[in-house]
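Enquirer: In case you want the letters, here they are:
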Amino acid sequence: MALKASLLGFLIYATMAGWLGALAAYAFGWRAKGRALALFASAAAAAAFGARWVGVGHVPMQSLFEVFLCLALLLGPLSFLWRRWLGKEGECTDALIALAILFPAGFVFSEAPAQLPPALFSPLFIPHVAAYLLAYVILIRSSLAAGAQLLRRADAPEAEPVYRLARLGFPLLTLGLLLGAWWGKLAWGDYWNWDPKELWSLTTWVVFAGYFHLHSLEERGGGRLSAAVALLGGVCILITLLWVNLAGRTFPGLHAYTGP
Amino acid sequence: MIGVRECACNGHDRPVSSHRRKALAFDGGRGVSTFRRLALWVGLWFFAVLAITSVGGALMGAERASGMFGSTPGRLLWVLFATLLLMVLFCKPVSRSPALLALHAAPVLILAGAFLGSAPGHRVADALLHRQKASEGALLIFEGRAENLLVEPDRGVPLGRLPFSVRLDRFTVERYPPGPSDPQGEPPVRSYRSDVTVLLDGRPVQSASIEVNRPLHFGGYHLYQSSYGTLPATYTVLTVVSDSGLSLVYAGFILLGAGVFWWGWGEPILAHLRRRRGNGA
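Protein sequence lines, in the order shown, are assigned to chains B and R. Just so we're aligned: 41 in the working numbering is position 41 of the first sequence, and the numbers increase by one with no gaps anywhere. Just so we're aligned: 133 in the working numbering is position 133 of the second sequence, and the numbers increase by one with no gaps anywhere.
Isolated chain B, as found in the complex (with noise of 0.2 Å):
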């Protein structure tokens, strides 16, 4: 744990900040301050992200304190977009997303910059990961929706916003897997390799692949079997995005690149 003494610490504490007064402001019910706080919020994140891009030289999506950099920014701008999804409760679980989501990249993660290794010039770096970073935060909102709404003991409308979100999380975290395989075609001659993160988002694919099956399944839809499923698959994208940062010593693999 440490503070970070730098413009873009002072901007992460400054997104932190707006977060936190949206989260006041939901909770006193006050939510068109609510929402300007919240833009403030987005647009000082806007601001890190362009400060370390301009910092490093290149896109900020390498080590995990610059996915979670980007994790925080992409936030801001989707919860204005399912906010009608997701109603009152949904816009203070959205400030506290980006809470949990800022900590670590505020006090936890090293902001040390390091070098690109070969395999990572490509032009297919960024739309892969963009797709997945933007994928992860639909899906886990979806996901946490879900928690919700099984701990609301609750069969959801026909409309559930845990569907909805992810249906719109989907296509992205496919494009995620096609692209990643297209470039491991490139970069190491095939375009799957079995290793370890590889295999973590195929189970994260298949479990909401799974999801939507139950859900058509399931007569009304929105039950509480599919809603475990989805949860399972928030689950399974924690664990993707930390694996090989977090256990990458206990289990090496192609996308250890850096540590965290």
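For the record, the hints were derived by calculation from the structure and aren't laboratory data. What you are looking at is a predicted structure, and each value in this text was computed from that prediction instead of being measured. Relax, there's no trap hidden among the hints.
Computed beta-carbon distance windows for the label pairs:
id: 1; chain 1: R; residue 1: Leu80; chain 2: B; residue 2: Leu7; range: 50 to 60 Å
id: 2; chain 1: R; residue 1: Pro177; chain 2: B; residue 2: Leu7; range: 18 to 28 Å
id: 3; chain 1: R; residue 1: Glu186; chain 2: B; residue 2: Phe121; range: 12 to 22 Å
id: 4; chain 1: B; residue 1: Phe121; chain 2: R; residue 2: Gly144; range: 21 to 31 Å
id: 5; chain 1: R; residue 1: Ser247; chain 2: B; residue 2: Pro77; range: 35 to 45 Å
id: 6; chain 1: B; residue 1: Gly29; chain 2: R; residue 2: Gly70; range: 54 to 64 Å
id: 7; chain 1: B; residue 1: Glu89; chain 2: R; residue 2: Arg123; range: 50 to 60 Å
id: 8; chain 1: R; residue 1: Arg145; chain 2: B; residue 2: Leu3; range: 50 to 60 Å
id: 9; chain 1: B; residue 1: Ala100; chain 2: R; residue 2: Asp169; range: 49 to 59 Å
id: 10; chain 1: R; residue 1: Pro187; chain 2: B; residue 2: Leu3; range: 23 to 33 Å
id: 11; chain 1: R; residue 1: Leu270; chain 2: B; residue 2: Glu89; range: 23 to 33 Å
id: 12; chain 1: R; residue 1: Pro163; chain 2: B; residue 2: Leu7; range: 53 to 63 Å
id: 13; chain 1: B; residue 1: Leu7; chain 2: R; residue 2: Thr72; range: 51 to 61 Å
id: 14; chain 1: B; residue 1: Phe121; chain 2: R; residue 2: His217; range: 14 to 24 Å
Pulled a few chain R residues facing chain B out of the computed Cβ check, cut under 7 Å:
id: 15; residue: Gly43
id: 16; residue: Leu44
id: 17; residue: Phe47
id: 18; residue: Ala51
id: 19; residue: Ser54
id: 20; residue: Val55
id: 21; residue: Ala58
id: 22; residue: Asn213
id: 23; residue: Tyr224
id: 24; residue: Thr239
id: 25; residue: Val241
id: 26; residue: Gly257
id: 27; residue: Val260
id: 28; residue: Phe261
id: 29; residue: Gly264
id: 30; residue: Trp265
Partial list, derived from the structure: chain R residues whose beta carbon lies under 7 Å from chain B:
id: 31; residue: Leu40
id: 32; residue: Leu50
id: 33; residue: Gly57
id: 34; residue: Ala62
id: 35; residue: Ala65
id: 36; residue: Ser66
id: 37; residue: Val212
id: 38; residue: Phe253
Every residue gets a Cβ at the ideal spot worked out from N, C-alpha and C, and that includes glycine.
Using the hints provided, position chain R relative to the given structure of chain B.
Expert: Here is chain R on its own, set in the frame of chain B:
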């Protein structure tokens, strides 16, 4: 399948086309028919098995995972999976939706392409087509020399000879400028490059630079920059991979990508637009 469910709930305030009315009758008005239910459950069990073995594979590491999925039970699972997908293509909800058709046909193409590209696929094709094509191997070439002997990458056991030779004209390692982060050792590698000439019957036919992310495609093989060494003299190691089945795999990728975006984004957007137009009229 979304269309069916929307029909079942909103059928009263919207005109129902004739084939949709038939589908409702087929489903008995409940939305999910018995056969479809069975196919979905079988599919779900496949997903469960795939997810569990995939987690197991992630825990055991790439080499043993590859062995597990390439073992006889593993191959049996793939064949059953492809068969189920082929059957599903002819079932009602899937066969009526272009997006779902693409989504369920794509994995079959990918699995078929993967088989054609694998070592057993090459043995089958070699026997059927009376040819000799290696599925994978490595070329170790010293600077200034030409080589066509394909070896096994780890132990260097000879596998056979390629129908063409590759001459290494020059090998280059480019490094980052030395920085403060690595005071004692050499700075990290920025790129490796092998400048090569392909020789057919001793005559040069093509010159190319092979780098990480930039393989050379020649004579049914992709040649990748894989490793290098300097003892006893500068040499490069190129991984050689057959391109059999690759176009089928890529076709599957494109179909899967197009299908999943059409299903996940295209269909809901179209439904939304149709609903808005319906409300306006």
